[in-house]
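A.B. asks: The residues making up each chain are set out below.
Protein chains: 2
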Amino acid sequence: MNNLVISVDAMGGDKSPRVVIEGLAIAAKKNPDIRFLLFGDDAKVTPILNQHPDLKKVCEFRHTPEMVHNEDKPSQVIRNRNTSMYMAIDAVRKGEAQAVVSAGNTGALMAISKMVLKTITKIHRPAIVSIMPHRTGRYVMLDLGANTECSAINLAEFALMGDILARHALGITKPKVALLNIGTEEMKGKEEIRQAAQMIKNSKMNLDFRGYIEPHEIPNGVADVIVADGFTGNIALKATEGTARLVIRMVKDAIKGSFLAKLGLPFMMGVILKIKKTMDPRLYNGAMFVGLNGLSVKSHGGTDALGFSVAVGNAAMLVRQNFVPSIREEIEKIDLDELSQEAIYDVY
Amino acid sequence: MNNLVISVDAMGGDKSPRVVIEGLAIAAKKNPDIRFLLFGDDAKVTPILNQHPDLKKVCEFRHTPEMVHNEDKPSQVIRNRNTSMYMAIDAVRKGEAQAVVSAGNTGALMAISKMVLKTITKIHRPAIVSIMPHRTGRYVMLDLGANTECSAINLAEFALMGDILARHALGITKPKVALLNIGTEEMKGKEEIRQAAQMIKNSKMNLDFRGYIEPHEIPNGVADVIVADGFTGNIALKATEGTARLVIRMVKDAIKGSFLAKLGLPFMMGVILKIKKTMDPRLYNGAMFVGLNGLSVKSHGGTDALGFSVAVGNAAMLVRQNFVPSIREEIEKIDLDELSQEAIYDVY
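For the protein sequence lines, the chains are A and B, in the order given. Everything in the first sequence is counted per the numbering used here, starting at 136 for the first residue and increasing by one. Everything in the second sequence is counted per the numbering used here, starting at 136 for the first residue and increasing by one.
By construction, these hints were calculated from the structure, which means they are not laboratory data. Please note: incorrect hints may appear among the correct ones.
Because identical chains share one entry, a pair is satisfied inside a single copy or across any pair of copies.
Distance condition first, Cα-Cα at most 25 Å in a straight line; then the derived DMTMM-like pairs of lysine to aspartate or glutamate [unchecked claim]: (1) 411 - 352; (2) 150 - 349; (3) 411 - 157; (4) 323 - 284; (5) 325 - 207; (6) 164 - 189; (7) 249 - 326; (8) 411 - 149; (9) 208 - 326; (10) 387 - 349; (11) 387 - 376.
Note that the coordinates shown come from a computational prediction; the quantities given were computed from them, not determined experimentally.
Produce the complete structure using the sequences and hints provided.
C.D. replies: Here is the structure:
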């Protein structure tokens with residue numbers, strides 16, 4: 136029997152449970168070391184699961200009478216222990232699984248994950264983090280929306296967790312860490328960012344801190360870990376997604392409107408496929424909630440089976456790399472509250 | 136003699152005064168109704184100005200012994216009245232010119248403009264605004280960096296000024312106004328954004344308010360005026376610029392690396408030129424400082440003559456359209472402080 140178990144909310148996402156199960160089938164083929172614990176509505180899940188006999192062999196299914204809906208408020212869903220999402224997360228708390236993946240309501244997934252798995256001792260706030268592409272490689276950015284407002288200590292914790300994630304997930308020995316800001320001069324931006332810079336510079340954090348980074352520099356790969364409060368990170372992420380789509384859309388529209396360009400298309404197919412593959416949002420699916428006693432991964436609700444399988448792959452990789460215990464261990468070595476006091480003193 | 140006078144800081148920007156003067160030459164040809172008041176170092180400006188006899192006819196040059204440098208701090212530059220930037224701005228205060236254009240240090244230009252021109256009575260904070268492209272047209276976004284932190288009342292003022300700008304500069308009769316946020320549900324985002332939404336919804340503001348907009352929706356043209364605090368606006372702007380450059384760079388790199396694609400290039404030239412023209416940052420050059428008694432326009436420091444001429448064109452257009460008096464007139468009709476009190480009451 137395999138030791139790597141991932142629990143899955145079969146009912147989350149726009150086309151659940153079909154996309155979820157098809158995604159698991161892809162993930163199972165790619166990762167023969169994973170077993171799945173699947174939670175969902177028997178009547179909907181079983182007929183589809185029966186179409187995937189290979190997956191069924193490594194998948195334990197448990198019926199759940201209810202599910203979390205997109206419009207449900209976090210304050211409601213945390214009280215209902217009978218949803219597929221709740222039970223999938225609870226399996227991690229019980230030690231039956233090492234990570235949970237859901238394509239459901241982000242706010243609900245964060246709220247239940249926080250309540251059930253609890254924040255790691257000494258971490259003040261968990262964060263949402265994604266792996267994203269730059270010109271020559273990949274980087275991680277956090278927080279992407281868990282915390283609308285953040286103190287310096289929160290940002291310093293994100294830097295630390297991002298550093299660990301970049302080492303484990305991107306295989307970078309000494310990740311370059313930077314704080315997202317509107318300028319690179321020391322006095323730029325908000326007070327909490329300047330204080331966080333002071334904290335992160337401290338030798339006790341032991342990070343390769345590169346100071347501030349402006350959003351237009353991210354694609355050049357000057358940093359491996361980009362740290363921001365959840366509001367700013369979410370704005371930067373969505374501006375990036377929207378612009379990438381706009382440019383690609385404009386190229387498509389322009390080609391469609393030109394007879395000559397259509398003639399040239401066959402020559403360009405290789406280039407178009409290459410760009411498509413690098414920019415494919417499915418390959419960057421799977422936002423990770425970090426800072427909790429257990430790993431919770433949020434798949435995009437509108438993704439397809441390939442996208443869902445990538446989110447599952449992220450979860451499995453971080454479990455194999457002992458990501459959660461690493462955070463616990465490294466945070467133990469640092470007294471963030473003390474660093475925070477020093478930083479406030481330094482800024483003034 | 137022409138009545139439309141624009142004062143210009145000849146010494147601002149990376150390749151000044153050459154780029155500035157060549158930009159004015161282009162602007163003068165396009166806008167025969169403008170006269171220029173040019174401030175700068177005689178030894179550097181006159182030889183270049185002499186190469187443009189047509190421009191020289193509509194240009195009054197005044198020697199200034201000093202200039203603002205990129206590394207100068209706003210707190211220093213506001214004390215020196217002998218710089219080309221200071222004197223160009225001061226010409227607007229004296230009524231010798233109706234607008235000023237500079238490609239110099241943004242912080243310095245804002246600081247001197249605020250001190251010399253003064254904020255319009257009843258406006259709490261000026262803002263930086265730009266005109267930008269979406270899929271089917273153009274929109275304005277503000278604030279882009281003048282105010283790192285903003286209250287609800289500041290955001291509501293930006294909405295009002297953005298609405299006036301969109302009417303005057305984009306010719307939209309009733310612009311759609313939206314607040315930049317990380318979700319579209321009413322309770323999303325920061326408190327000041329929710330309070331601003333309450334204020335802007337008020338019938339006294341008389342705006343076509345469309346609620347919250349997320350950054351990835353901007354390219355779809357769902358709003359003509361995007362309102363944000365200066366930190367968030369600057370992050371969104373730079374993320375947009377960086378991503379557009381990344382995608383274009385990736386396409387270029389992919390074509391360079393493919394023999395077949397190079398063969399197909401001649402078919403694609405029309406499409407490439409069209410995209411280049413729509414995305415050309417020079418065509419969106421000229422960030423406007425709004426909310427002051429006089430118009431101050433910041434050209435990108437690294438732009439070329441065409442880019443600088445676009446910034447000058449923006450300034451001239453807003454002067455012709457009576458933009459500054461319009462703000463003064465419309466802000467008189469509204470008691471923003473009273474609306475703010477009502478909004479705070481409504482949110483709780």
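A.B. asks: Quick check: which numbered hints come out false for this structure?
C.D. replies: Every hint satisfied by this model.
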